[in-house]
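Engineer: These protein sequence lines are chains A and B, in that order.
With this note's numbering applied, the first sequence corresponds to residues 1 to 106, in that order.
With this note's numbering applied, the second sequence corresponds to residues 1 to 245, in that order.
A few of these clues could be false.
Claimed, not checked - For each label pair, taking beta carbons as the anchor points, the in silico distance ranges come out as:
#, chain 1, residue 1, chain 2, residue 2, range
1, B, A116, A, L81, 20 to 26 Å
2, A, A15, B, P123, 28 to 34 Å
3, A, W31, B, T5, 32 to 38 Å
4, B, L42, A, V78, 33 to 39 Å
5, A, A33, B, A185, 17 to 23 Å
To be verified - Under 7 Å between C-beta atoms, here's a sample of chain A residues computed to sit facing chain B:
#, residue
6, T6
7, V17
8, L23
9, G24
10, H25
11, R34
12, T40
13, A41
14, L48
15, L49
16, V55
17, R62
18, L66
19, F86
20, V87
Stated by the list, open to error - Far from chain A by the CB rule (all over 10 Å, computed), these chain B residues:
#, residue
21, T4
22, D9
23, G124
24, P125
25, V140
26, D154
For the record, the hints were derived by calculation from the structure and aren't laboratory data.
Bear in mind that the values here come from a model prediction, so they are computed numbers and not experimental data.
Positions of the beta carbon are idealized from the N, C-alpha and C atoms, including for glycine.
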Amino acid sequence: MSPTLTWVAVLVGAAVVFATKLLGHLVPEHWLARPRVARTAALVTVALLSALVAVQAVAQGRSLVLDARLPALAVAAVALLLHAPFVVVVVLAAVTAAVLRALGMP
Amino acid sequence: MSTTTDRDDVRAAIRQAVSVAAATGLYGVSFGALSVVAGLDLAQTMALSLLMFSGGSQFAFIGVVGSGGTATAAVATAGLLGVRNGLYGPQVAPLLGARGVRRLVAAQLTIDESTAVGTAHPPGPAARAGFWWTGVGVFVLWNLFTLGGALLGDALGDPRRYGLDAAAAAAFLALVWPRFSGRYASLARLVGGAAVLVALATTPVLPAGVPVLLAAAVAILVGLLAPDDGRTDEPPGPGATEAAA
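Using the sequences plus the hints, can you model the full thing?
Structural biologist: Printed below as a string of structure tokens:
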């Protein structure tokens, strides 16, 4: 993506996110109180984040590769099971991948 | 009497706001570093934290850009992840009663954390203090730490050497993790699993960024079609997975 196009995406993306926030402050409360709407929005968040986990962990362009990222993600999952704070989880994953790569793993 | 209680409630709300803001602000470091690693420059990274100001959307945006996705896919993914902020508005707007410019500021500060703290306290001064202190606190610290992270990421060089690509995956995992045990837990697990399968299965055949959006379609289908609560805590049947995929 060219720098100009990235700027356009940044600004349009920010405008979309802000418009969504503002809309929530302007619509009548009962519009969004329907359980299915709230549930669907919650599930969309889950789906996007889960898909991003998968893509960030094993995708490289259009191919799927197994490298140091997957064991690092496993370490992150263990840290989360142990209720580690966000920053600790992220740092542990980075350290794991860095060490594995230093040891020769791709 | 009631004013003393009010003041205590307000103090409790502010205390909570400060600790939430500190914890949340801190992970702005990882956002700043990962954003630069994904190929955005310092100004673009700061524009995201200042203007988009929604952690999930920002991480998603740089995730799509970093994996070579199109601008449209980046905007769409960030926008979809921001949808939940729109659902927070109706919860916090009646607590704040903000008008004019204050309403615009309140809207920009309507995120997971400010909503959580604001609605955790009794309606009135404490709820307002909780929302505003958390919103402003997170905003200031998130942006400061983003700047620090971006400068750090810039200085690091090859991000893979430091495992920063794995850190991005871990950040998304940490963001989604609480949702597998909270409300809609069993549906969330079903949707999460299906989303992973859909994203991975379509990665080889679709442009970057699109597989993630396709996973959102799964969630919309399940969210609108799955039976109501009570039944949703049962383990999902194979039919449901098929329909979702």
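Engineer: Could you check the structure against the hints above and give me the numbers of any it violates, in ascending order?
Structural biologist: Of the numbered hints, 11 and 18 do not hold.
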